[in-house]
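Just need the whole structure built from these sequences, with the hints factored in.
FYI, in this note's numbering the residues of the sequence shown are 1099 to 1789.
Hints are computed from structural coordinates only; laboratory data are not their basis.
It is possible that part of the hints are untrue.
[As the list claims (entries may be wrong)] Distance ranges between label pairs, derived from CB positions:
| # | residue 1 | residue 2 | range |
| --- | --- | --- | --- |
| 1 | Thr1261 | Ser1628 | 49 to 57 Å |
| 2 | Leu1172 | Glu1497 | 43 to 51 Å |
| 3 | His1525 | Ala1570 | 19 to 27 Å |
| 4 | Gln1598 | Thr1261 | 37 to 45 Å |
[Claimed, not checked] Distance condition first, Cα-Cα at most 30 Å in a straight line; then the derived DSS-like pairs of lysine-lysine:
| # | residue 1 | residue 2 |
| --- | --- | --- |
| 5 | Lys1606 | Lys1430 |
| 6 | Lys1527 | Lys1736 |
| 7 | Lys1184 | Lys1111 |
| 8 | Lys1765 | Lys1716 |
All of these numbers come straight from a predicted model, not from anything done at the bench.
We put the beta carbon where it would ideally sit given N, CA and C, even for glycine.
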Amino acid sequence: LQGPDMALSRLRKAIEESCPHLASSVHIRLKLMAEGELKDMEQFFDDLSDSFSGTEPEVHKTSVVGLFLRHMILAYNKLSFSQVYKLYTALQQYFQNDEEKKNGIDESDMELTNTEELEGKMEKEELDGPLREEEMSCSGPLSQKQAEYFLSQQASLLKNDETKALTPASLQKELNNLLKFNPDFAEAHYLSYLNSLRVQDVFSSTHSLLHYFDRLILTGAESKSNGDEGYGRSLRYAALNLAALHCRFGHYRQAELALQEAIRIAQESNDHVCLQHCLSWLYILEQKIFDSCVLLEHSVNKSLHFGLPYLASLGIQSLVQQRAFAGKAANKLMDALKDSDLLHWKHSLSELIDISIAQKTAIWRLYGRSTMALQQAQTLLSMNSLEAVNVGVQQNNTESFAVVLCHLAELHAEQGYFAAASEILKHLKERFPPNSQHAQLWMLFDQKIQFERAMNDGRYHIADSLVAGITALNSIEGIYRKAIVLKAQNQMSEAHKLLQKLLIHCQKIKNTEMVISVLLSIAELYWRSSCHTIALPVLLQALALSREYSLQYLASETVLNLAFSQVRLSCVFSGLNILHMAIEPILAHGAVLDKGCAMFLVAKCQVASAASYTPQKKIEALESAILNLNEAKTYFAKVDCKEQLRDVLYFQARLFHTLGKTQERNKCAMLFRQLHQELPAHGVPLINAFK
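See below:
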């Protein structure tokens, strides 16, 4: 009733979904009126009036249907004869248009008919979802209620499920059509602003936003509901929205000026709510320059004081994120998030519930607890949203779901489940198409997973070709991976120069996680050059940082690297002691590749320490090392890491030879030869690299 007029074929399909017999009756009655005379339409309205009479009326007067029919009859009775005739001719035209579509007279409609088979599976979804462009365009000018319904529907879809909204071009066309008939329709300008943001159009979005507030002030919509304050309220929120827009596009100087204007007007009007919004945006702007923790704490306290749970909760979550990067203990952060969750459930803030769970997933990933991250990701995906986007749809296509699904794909890829990771990414591509605003998230993760697979498989040329795509989405990740490729291709000096530049940049922007990863890569370059003594201070620096910032998994990885350095420096027992500190977290939460590297290192330590044992004890140690090598081999095979498999086979063949097991030695030697021919050593000595 609230939506625009729909084509007869679509109306018939909608009725058939619920009552097939009724659809047939509707079509017969319409055909009778359209192909008959004006008196047939008169008879139809007489029959409607009779449905209320009698001892047992077909329709009750006060029912929803009864009220609608009475409203329709009353409107019909008020029409003059010329208006009745216009209504009848419009009905005939409406019916004939549908008949022409079916008979294929209209060529443009024929194209739609040809695609009907392809869209058959989507018919129900389309009935529940947004109206198609061709149906909207043929409906002509919309009533105020129809236009408001269309705008609210599209705005809701843009917020919760962008894929079900009209495409940016189609939506803009409909909005232009609405504005042609009513240029002062402020809400249409605001939806145009949201639509322009989808395609990152700076000019159009700014233009539409300014028009929205201009129309709001000119029409006096705010003044009617807020008295004399309405005009000033529109001005300060216009400045605030403009600041947010500039901030989104990275125009921080313009954003700061607009925000100062909003703060000035809000202070003059004593508007505490607007000032709290301004304070939140001031934190966002100033965190680009320095850590504004005090501002954020003040914002949270004030928001709670003025009863603004949404702002207070967002502030708590921002504070948790900042504290996580600063290395605060995980238990304290989770307690803070628990407090914000109480606010969410108390006030039914479903959007913030999703964000909170997604943030917990990201924090556990940052701290290297993959099992906990997996649990949080599954919690969000198995949850139904408090507000349904559409009939039968209980999950919103928001950024939170995109973040969680990306983490889930990466977790599966790390464990060697590439088919499952591929399925998750496929689902992400369907749920967040390339032109949607959150598509960059899965694009980056997809490129990173492909890169890791190519590196594991020794296809460095493919990995190198993926670097450009990663750099376009995240410049720091791209440069880091370029250095990894150069290192794998034995271009040590180029890799070292790139890593040093990246290290300085990451230290400047305080990206601690990347700083530690870069330090580990630099240490590996020193090993490959047999400079283990130079690598030790670098590794100790990485270990100090990872412990300071509570990055447990990176700390464990650094300890493994230290143990390897100790073994290479012939300090075997020191290496074993250090290794015991790191092996448990790696096996519990680590990626399959890291587990394989850890078990390989354990075997190396066992062999190195067996040199001083008695013959019998030495045999036992070597056999134990072979078992650990088998486990490492299983891990490496799972992620198709051929270079590491080759090294394990070489090491196993040597051990079998020492133990006098010729058959097993020959089998390992044959497999090693096959891999060695496929993967040349690039001049790097075998067993001289930890990873």
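query: Going straight from one Cα to the other, do Lys1606 and Lys1430 come out at no more than 30 Å?
result: 27 Å, holds
Distance restraint hint 49 to 57 Å, applied to the beta-carbon atoms of Thr1261 and Ser1628 = 55 Å, holds
Query raised in the report: Does the hinted range 43 to 51 Å hold for Leu1172 and Glu1497 at CB?
Result: 48 Å, holds
- Are Gln1598 and Thr1261 spaced within 37 to 45 Å by their CB atoms? 44 Å, holds
Pair hint Lys1527 and Lys1736, alpha-carbon separation not exceeding 30 Å: 26 Å, holds
Is 19 to 27 Å right for how far apart the beta carbons of His1525 and Ala1570 are? The hinted range 19 to 27 Å holds for His1525 and Ala1570, with Cβ atoms some 23 Å apart.
### Message
With the threshold set at 30 Å, check whether the alpha-carbon distance from Lys1765 to Lys1716 stays at or below it.
### Response
It holds: about 23 Å lies between the C-alpha atoms, which stays within 30 Å.
| Regarding the pair Lys1184 and Lys1111, is the alpha-carbon distance no greater than 30 Å? | 27 Å, holds
Violated hints are absent here; each numbered hint is respected by the structure.
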